[in-house]
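Participant: One letter stands for each residue in the lines below.
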Amino acid sequence: MTNLTEVKSKVSNNKHTLDIFPTEELIKVWESKTGKELTLEVGATARSLSNYASAVLDAKTTTRLINDLGIKGSVVLKSFKGRQYIIFKGYSGNRSIFTASRYLAKNPKVVDMAIGRVGVNKSIVSGARVTIFLIVPINILNYILDDKQTMFRLIGTTSTDLIKVGASAAVASLVATSVATITTIAAGPLVVAIAIGIVTGYTLELLDHKFGVTEALVKALTEAHDSTIGEFGRQMNKVENHLKWQIMNGKSVGRGVLY
Amino acid sequence: MNKLTAHTVLVLFDLLAIYGSYYVFGHWYDLTLLIENEINRVEIQSGIGVYFMLLIIPITHLTSFIKWPSDVSPWISKGLIVIFSLLIMMSIFISIKFTEKIEHAGYFYCKKDSNKMTLSEFRIFTKVEALCTK
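From first to last, the protein sequence lines stand for chains C and G.
Mind the numbering: the first sequence is residues 1 to 259 in my numbering, read in order.
Mind the numbering: the second sequence is residues 1001 to 1134 in my numbering, read in order.
In short, the hints are calculated from the structure, not lab data.
Just so you know, not all the hints are guaranteed correct.
Computed list of lysine-lysine pairs in DSBU-like fashion (alpha-carbon distance at most 30 Å, straight line) [stated by the list, open to error]:
no.: 1; chain 1: C; residue 1: Lys210; chain 2: G; residue 2: Lys1078
no.: 2; chain 1: G; residue 1: Lys1111; chain 2: C; residue 2: Lys210
no.: 3; chain 1: C; residue 1: Lys28; chain 2: G; residue 2: Lys1078
no.: 4; chain 1: C; residue 1: Lys122; chain 2: G; residue 2: Lys1111
no.: 5; chain 1: C; residue 1: Lys148; chain 2: G; residue 2: Lys1003
no.: 6; chain 1: G; residue 1: Lys1078; chain 2: C; residue 2: Lys109
no.: 7; chain 1: G; residue 1: Lys1067; chain 2: C; residue 2: Lys89
no.: 8; chain 1: C; residue 1: Lys81; chain 2: C; residue 2: Lys109
no.: 9; chain 1: G; residue 1: Lys1067; chain 2: C; residue 2: Lys109
no.: 10; chain 1: G; residue 1: Lys1003; chain 2: C; residue 2: Lys89
no.: 11; chain 1: C; residue 1: Lys106; chain 2: G; residue 2: Lys1101
no.: 12; chain 1: G; residue 1: Lys1003; chain 2: C; residue 2: Lys122
no.: 13; chain 1: G; residue 1: Lys1116; chain 2: C; residue 2: Lys78
no.: 14; chain 1: G; residue 1: Lys1112; chain 2: C; residue 2: Lys33
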């Protein structure tokens, strides 16, 4: 009896209310609380910021690198018996990550800290991947939130965004690798990668705006849909109306359409 | 990548960086003309100053040509990072100055006609608010 009372009291003291909302309802609540304009503004800002994810990650790696190697830290790339080595200058006892004076270029520590060609490329690719992972869901969310957006605009903008991310990563990789080949300053390639990644993004948007690439893509998608599925729908509607008219007027059903 | 290819790629980007700076100055000059002629609508890309950030490429490239003495090279490293930080600040400052210049000339920001893209926005400013068409 005491056990039952104890269980009852435990259950009554541990009550939780769980409200389940459908997505549309949640969005409506959010919009009524904040206003439509703010919702769209937040979505657009999140979309802009997601493009800087790669630069932020690179800056974080650069900071860690500078902290470990010191501001004067430098590395030299040397090949020995067909294998490429990264040689760190300075006293290794002062470092916490690179505790040895030389590493193979493919060593996970070296690659993780974006040193050398392999490391810089890996850093750029992972930055681009993070940007893609952020930009696609944000675009979809903006599509849900914005009543004026069409499915073709979502597909068009996401496609050009992905092309821009890919192109920025490729250009940044090319320039950063070139810098890594000629300079011994460890942070040099990453600093250049940050700058070139952002500027390439801006340049591609300038070209996109000037030549209307996204707009042309959205228009082409809309027209393609209109001339295929849209046209099929219109013809079906025409046939349906014709059949309805024949039934209502006592004519032979399907005549002129099916035979 | 061999050193010759690396230098060739960087020379190309050095030229692009110089063109980027010229583009920003050219845009400033064009904007001055448009404002002086009281053109009804002007357009600028938000954050236009970022093109200045490219200058870090020729600077880094130039430092690689000189064999710095061991006591000087730490200062070169420090200098590069300081210059990059200054370029970031300069790009923000220039972008703000562009907007200020247009607004001080009595133009209104037309949000409806502006084209917001992923990274930047192509902002339209109109002399009269009624010209904001959409």
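Participant: Could you tell me which of the numbered hints above are not met by this structure, giving the numbers in increasing order?
Facilitator: Of the numbered hints, 1, 3, 4, 5, 11, 13 do not hold.
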